[in-house]
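Chains as they are written, first to last, in the working numbering: chain U, 328 to 503; chain E, 4 to 120; chain V, 830 to 968.
If you're looking for bench data, these hints aren't it; they were derived computationally from the structure.
One should not assume that every hint holds.
Using 25 Å as the maximum straight-line C-alpha spacing, the simulated SDA-like pairs for lysine to any residue come out as follows [to be verified]:
hint, chain 1, residue 1, chain 2, residue 2
1, U, K401, U, T419
2, E, K35, U, F347
3, E, K102, E, N115
4, U, K400, E, G106
5, E, K35, U, T416
6, U, K400, E, A104
7, V, K841, V, L903
8, E, K102, U, G490
9, E, K35, U, P433
10, E, K35, U, T335
11, E, K35, U, Q439
12, E, K116, E, G58
13, E, K102, E, L120
14, U, K400, U, M351
15, E, K102, E, D117
16, E, K35, U, A435
17, U, K400, U, T419
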Amino acid sequence: MLLSFLATTAIAVVVLRDLFAVVMLFGIYSLLTASIFLVLDAVDVAFTEAAVGAGISTVLMLATLALTARTEKKPRQWSPLPLVVVMITGATLIYGTLDMPRYGDPSAAIHQHVAPRYINESPHETGIPNIVTSVLASYRGYDTLGEVAVIFTAGVGVMVLLGAGTRSRKKKGEKS
Amino acid sequence: MQWLGLYNYWIVIFLMMAGFYVVISRSNLVKKIVGLNLFQTSVFILYISMSKVQGGTAPILKEGFAVYSNPLPHVLILTAIVVGVATTALGLALVVRIKEAYGTVEEDEIHNKDESL
Amino acid sequence: MKHHLVLRVVAKLLIPLILLFALYVQFHGDYGPGGGFQAGVIFGAGFILYALVFGVDTATAVARPPVVRVCVALGLLLFSGVGVVSLLLGGRYLDYSVLADDPVRGQHLGILLIELGVGITVAAVMVTIFFAFAGRERA
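The following block holds chain U by itself, in its conformation from the complex:
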């Protein structure tokens, strides 16, 4: 049911040409995604998606819209090629899902390998009830270190591209 809402929102995002509405709908889309994560038992992920998707990324996109254009230009001619490419890719992927384990199946391959070890051993090894936290910080510490480095690099990249707040403003003031 929630997934159908999601699909409807996605169609609206594709069709609409007013970018302000698109960004707002994308906020709604993120909130719906967060509720789906909650239903699927991923409380930590739902938490993050609600804060990031419905909060920060919407604000950033609105800031970009304020700096660029609000409406999308009308496309000059409609070409069927992208639609055909998308249809073929989609059909191939759907053919691929036929071999996937069914939703919620406890005997699926993904639940057989490392997950039981995390669930059974992590309370004795780390003494932390939240398995997501212990896997994130302890078992996959390198992974998380890399992710933090990526966020750091992205932050530095934005600073390089846009100037870090106050300094760029002063420079602009001198120019004008």
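Let chain U serve as the given structure and place chains E and V on it in line with the hints.
Chains E and V only, in chain U's frame:
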């Protein structure tokens, strides 16, 4: 009834293709970034759908529960969301710079300006 | 900004709660849902709300951009520093068991510290990115 178990994946593919379509068919750069985000979110839903175990609960240990959903995809996606917003911000920053340099965010107009140089 | 009186009053009430909630999420992440990534994002969102309602200049007076920029690096340094400390104490890189006399206590301490590092970096990066975009807006 056995096809119903694949409903989640089909919606994921639909969302993925919607994002893909936006990226390849629209020329507005902001719209393209929204399309990329759609695509990204669909991958998140794919991972979280796979981690669900029937009758399981959230992976926080507590007395009285024996079945937990798989915590590993949660960890991967948790970090991916935050990394995703950071990289989206980088993309938007590039769009802002392109707007300042070319005065437009439409791909074909940028292309025309490059050609006429 | 006079006509935004309701918005300002509500924001004034909410922002301390948002920041407090972020700290709760940060340090309660071991027991309930939460952790550094979520807390950092919520903390950053609190500051962004402040900047949106009271203006970017007021916000940069509270969170000075040089300080925030130092925080971006500080979190990552704290994370990798914990790894180096565990290396010096005779364990492997990011092996927290050696941080305290008892392996489980060591794990606990290590996880708390690196989550703090993650939280600082994420919050600082979010605030920096927002300031960068908002700084452009005035130009």
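Do the hints match the structure? See the list:
1. A hinted pair counts as satisfied when its Cα atoms are at most 25 Å apart, and U/K401 with U/T419 does not qualify at roughly 31 Å.
2. A hinted pair counts as satisfied when its Cα atoms are at most 25 Å apart, and E/K35 with U/F347 qualifies at roughly 14 Å.
3. With a CA separation close to 14 Å, the supplied pair E/K102 and E/N115 stays within the 25 Å bound.
4. A threshold of 25 Å between alpha carbons decides the hint, and for U/K400 with E/G106 the separation of about 14 Å falls inside it, so the pair holds.
5. At roughly 19 Å between alpha-carbon atoms, E/K35 and U/T416 fall within 25 Å of each other, so this suggested pair holds.
6. At most 25 Å may separate the alpha-carbon atoms for a hinted pair to count; U/K400 and E/A104 meet this at roughly 19 Å.
7. Of the supplied pair hints, the one linking V/K841 and V/L903 is violated, its CA atoms being roughly 29 Å apart against a limit of 25 Å.
8. Simply put, E/K102 and U/G490 have alpha-carbon atoms about 15 Å apart, close enough for the 25 Å limit, and the pair holds.
9. Between E/K35 and U/P433, the direct Cα distance comes to roughly 38 Å. Violation of the 25 Å bound is thereby established for this hinted pair.
10. About 19 Å separates the Cα atoms of E/K35 and U/T335, which keeps this hinted pair within 25 Å; it holds.
11. Note on E/K35 and U/Q439: the hinted pairing is violated, with a Cα-Cα distance of about 38 Å set against a maximum of 25 Å.
12. With a C-alpha separation of about 59 Å, the suggested pairing of E/K116 with E/G58 is violated against the 25 Å cut-off.
13. As the CA atoms of E/K102 and E/L120 are separated by approximately 17 Å, the hinted pair is consistent with the 25 Å bound.
14. Our distance criterion of 25 Å between C-alpha atoms is met by U/K400 and U/M351, whose separation comes to about 19 Å.
15. This hinted pair checks out: E/K102 and E/D117 have alpha carbons roughly 14 Å apart, not beyond 25 Å.
16. Between the alpha carbons of E/K35 and U/A435 the distance comes to roughly 35 Å, so the proposed pair goes past 25 Å and is violated.
17. For a cut-off of 25 Å, the pair hint linking U/K400 to U/T419 is broken: about 32 Å separates their Cα positions.
Violated hints for the displayed structure, listed by number in ascending order: 1, 7, 9, 11, 12, 16, 17.
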